[in-house]
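Protein chains: 2
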Amino acid sequence: MQRKYLAKIHVTLRPSVLDPAGVAVQSGLKQMGYETVENVRIGKYIELTIISQDETKARRDLDNICDQMLANPVIENYRFDLIEVETQTGVF
Amino acid sequence: MQRKYLAKIHVTLRPSVLDPAGVAVQSGLKQMGYETVENVRIGKYIELTIISQDETKARRDLDNICDQMLANPVIENYRFDLIEVETQTGVF
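Sequences listed follow chains U and A, in order.
Counted the way our numbering counts, the first sequence spans residues 7 to 98.
Counted the way our numbering counts, the second sequence spans residues 7 to 98.
One or more of the hints may lead you astray.
Same chains, same label: a pair holds when it works inside one copy or across any pair of copies.
[Stated by the list, open to error] Below, a list of computed lysine-lysine pairs in the DSBU-like style, where the Cα atoms sit at most 35 Å apart:
(1) Lys36 to Lys50
(2) Lys36 to Lys10
(3) Lys36 to Lys14
Keep in mind that the hints were calculated from the coordinates and are not lab data.
Please read these numbers as outputs of a predicted model, since none were measured by experiment.
Bound conformation, chain U alone (with noise of 0.2 Å):
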């Protein structure tokens, strides 16, 4: 039996690293008038299907993918939410 999960992934900057296109965006917005914005850290967020035997496998799958093509570990963190969406039986 295998199951299928929905992954919700967010990588960020670690906070001791700049975020130059934040810093863009914080000056753009204070020129827009938004002048009490600050601390504008931008990441990305990734949504993703996988299937697996079960819920171990799958987030080990997915640090894995988080370490090696996601994010970069030296100046990001990454962490993820994982929703069960279907249970199939069957060969895949």
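Fit chain A to the known structure of chain U by using the hints.
Positioned in the frame of chain U, the structure of chain A alone reads:
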């Protein structure tokens, strides 16, 4: 009195819009052996703080900020959560 809010903003491609970056990530993951990963969609996740007189005003400003700066309303949706982090008196 002014209140400080932390906004957590998700900007995602509308479901009808093709996501070439998501397709590329999915293809890369397949080559790495993650055959069951599908429906990869890549969006943005933005955090910022904003000081406002109340939550209604903060939400109105954030709607404008998302429409004008953070999202392209033609191809992207956005949503945000607001968390009050501080209440301050005095002049800003």
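To see whether the hints hold, each was checked on the structure:
{"no.": "1", "hint": "Lys36 to Lys50", "result": "both (23 Å within a copy, 21 Å between copies)"}
{"no.": "2", "hint": "Lys36 to Lys10", "result": "between (44 Å within a copy, 16 Å between copies)"}
{"no.": "3", "hint": "Lys36 to Lys14", "result": "both (31 Å within a copy, 19 Å between copies)"}
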